[in-house]
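Chemist: Okay, here's what each chain looks like letter by letter:
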Amino acid sequence: MSEKSLKDYLDELPKSIVEQIDQVSSKMKLNEKQKEQLTKEVIKEYFKSAFQPGEAIGIISAQSISEPATQMTMRTYHFAASAGIQVTLGLPRLIEIFDARKEPTTPAMTIYLKQKYNTKEKAEEFAKSIKEKKVKYFAKSVSIDLTNKKIKIELDKIKKSELTEVIEKLTKQLKDFKVKELTNAISIEANQNMSIKDLEKWKRKILSFYVSGIQNIKNTAIIKEGENWVIKTLGSNLEKIFQLEEVDTTKSYSNNIHEVASILGIEAARTILIKEIIDTLKQQGLNVDERHITLVADIMTLTGEIRAVGRYGVAGTQSSVLARAGFEETIKHLVKASVRNEVDDFEGIFDNVMINQQVPVGTGMFELISKIGEE
Amino acid sequence: MKIDVLSHELVPKHYIVSEEEKQKIKEKYKIDKDNKFPQIKAKDPVVKAIGAKPGDIIKIVRKSNVAKEIVYYRIVVE
Chain A
1 MSEKSLKDYL DELPKSIVEQ IDQVSSKMKL NEKQKEQLTK EVIKEYFKSA
51 FQPGEAIGII SAQSISEPAT QMTMRTYHFA ASAGIQVTLG LPRLIEIFDA
101 RKEPTTPAMT IYLKQKYNTK EKAEEFAKSI KEKKVKYFAK SVSIDLTNKK
151 IKIELDKIKK SELTEVIEKL TKQLKDFKVK ELTNAISIEA NQNMSIKDLE
201 KWKRKILSFY VSGIQNIKNT AIIKEGENWV IKTLGSNLEK IFQLEEVDTT
251 KSYSNNIHEV ASILGIEAAR TILIKEIIDT LKQQGLNVDE RHITLVADIM
301 TLTGEIRAVG RYGVAGTQSS VLARAGFEET IKHLVKASVR NEVDDFEGIF
351 DNVMINQQVP VGTGMFELIS KIGEE
Chain B
1 MKIDVLSHEL VPKHYIVSEE EKQKIKEKYK IDKDNKFPQI KAKDPVVKAI
51 GAKPGDIIKI VRKSNVAKEI VYYRIVVE
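Residue numbers (my numbering), protein chains in the order written: chain A, 1 to 375; chain B, 1 to 78.
Quick caveat, the hints were computed from the structure, so don't treat them as lab data.
One or more of the hints may lead you astray.
Claimed, not checked - Calculated lysine-lysine pairs in the DSS-like style (CA-CA distance at most 27 Å, straight line):
hint	chain 1	residue 1	chain 2	residue 2
1	B	K2	A	K240
2	B	K28	A	K7
3	B	K59	A	K15
4	A	K27	B	K68
5	B	K63	A	K232
6	A	K48	B	K24
7	A	K282	B	K68
8	B	K63	A	K44
9	A	K7	A	K35
10	A	K102	B	K43
11	B	K24	A	K44
12	A	K7	B	K24
13	B	K2	A	K40
14	A	K114	B	K48
15	A	K240	B	K48
16	A	K136	A	K114
17	B	K13	A	K48
18	A	K102	B	K41
19	B	K41	A	K7
20	A	K15	B	K68
21	A	K102	B	K48
22	B	K43	A	K40
23	B	K28	B	K13
24	B	K2	A	K133
25	B	K13	A	K7
26	A	K29	B	K68
Produce the entire structure from the sequences given, and follow the hints as far as they go.
Modeler: Printed below as a string of structure tokens:
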């Protein structure tokens, strides 16, 4: 122990505590020896308050998150959604996060702009430009001429450049139709022997053709966050957004965890995961210690991919057969395990409870080994 | 245009760990096998950006509200 220097001691502590030690020692003008003494005392206290080996922290986390979550359902109705964009909140959102759905019910992005574009006018203009526009957006009215098999779309608020774009896109996609440009309207002539039912179908299809903007972005809203003009979007397409000049690619993010994982990596996804869970709980006025949520996020990202907390994720991939069978779908797991000749080595908690054995938790984790042949 | 992943504020700093340091980490956390490390995929954008290969240990310095900084290790897997 005596060879250890002050630095070695400090390495054992988290940075926030090290900084506090530095602060105190400079304030009290401690010398090197006294500082070492102080550090030793702090380490003693630190490890006293840390979890002991074998503590079932998973269960503590589960309770700490679930108990407040039971309060959520009751309170959900009392809170209105935040301004502009309506996103899923409360318990449904929390379930969605823990289930690690591929696509959240309301994907949303928060876009920050570069300093140059950080004015209200430019933000508004940008928000307008990224919104996905379909043919429907420009159409004022649509009429079908049944005798001549024609669809006529009257246009409104369209620029010349956009009109040519629309016509170009339509001609490309509609090979069996004749697309003609009229003043402030588009006429689409179908094959003469097309049935009326089909014509009606095509009308709907044509109206939902994508013209400009960024795909998937259904709505945008601008809000001011301190100095910054921030754009909130309904619908998410991080990849396309990051290609744009105006976007601050060091801050913008999406609430779709899988999307973040594929573009910014697993660690960024973990950060978003924690942020989303805390925000959802905070929004309901619930305060859960960050460390419980961090633990869940660490387990969910353990394999480098996002795993759900449940049957198909964390619980479904446990190594113990009995633990899996005891969770859900008992027969399926038992049959599969017997076909594959799996072995259960009874290292988990579930499996040991089942066979009435001491569980490897707390003091049960340790066993005594005697050294034979020694005095 | 390629996205500069490493400059994003959600992405903590990633470092590739040297072979010597790897042994020290294994000793400190009593890890006997490589597969007991938390994993990170080789196709992960950050792994690609820093040029790590499967088998490398990556040191991740995360920001934390509780402890300011937390060091975490992941092993690169296929």
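Chemist: The structure should be examined with respect to each hint, and the outcome stated for every one.
Modeler: Now the hints, each set against the structure:
1. B/K2 to A/K240: holds, 11 Å
2. B/K28 to A/K7: Judged against 27 Å, a Cα distance of about 16 Å means the pair holds.
3. B/K59 to A/K15: Holds, because 16 Å separates the two Cα atoms, which is no more than 27 Å.
4. A/K27 to B/K68: Status holds; Cα separation ~21 Å.
5. B/K63 to A/K232: Answer holds: B/K63 to A/K232 is near 25 Å, not above 27 Å.
6. A/K48 to B/K24: holds, 25 Å
7. A/K282 to B/K68: Given pair A/K282, B/K68 holds - Cα atoms ~21 Å apart, limit 27 Å.
8. B/K63 to A/K44: Satisfied, since the Cα-Cα distance of roughly 25 Å is no more than 27 Å.
9. A/K7 to A/K35: holds, 11 Å
10. A/K102 to B/K43: holds, 18 Å
11. B/K24 to A/K44: holds, 23 Å
12. A/K7 to B/K24: At roughly 17 Å apart (the allowed maximum being 27 Å), B/K24 and A/K7 satisfy the hint.
13. B/K2 to A/K40: violated, 49 Å
14. A/K114 to B/K48: Holds, at roughly 26 Å.
15. A/K240 to B/K48: holds, 20 Å
16. A/K136 to A/K114: violated, 32 Å
17. B/K13 to A/K48: Violated: B/K13 and A/K48 sit about 30 Å apart, past 27 Å.
18. A/K102 to B/K41: holds, 18 Å
19. B/K41 to A/K7: violated, 34 Å
20. A/K15 to B/K68: holds, 6 Å
21. A/K102 to B/K48: Roughly 23 Å separates the two Cα atoms, so the pair holds.
22. B/K43 to A/K40: Cα-Cα ~43 Å, so violated.
23. B/K28 to B/K13: This hinted pair holds, its Cα atoms lying about 21 Å apart.
24. B/K2 to A/K133: holds, 26 Å
25. B/K13 to A/K7: holds, 23 Å
26. A/K29 to B/K68: Holds - the C-alpha atoms of B/K68 and A/K29 are around 25 Å apart, at most 27 Å.
This entry does not satisfy hints 13, 16, 17, 19, 22, going by the numbered hints stated previously.
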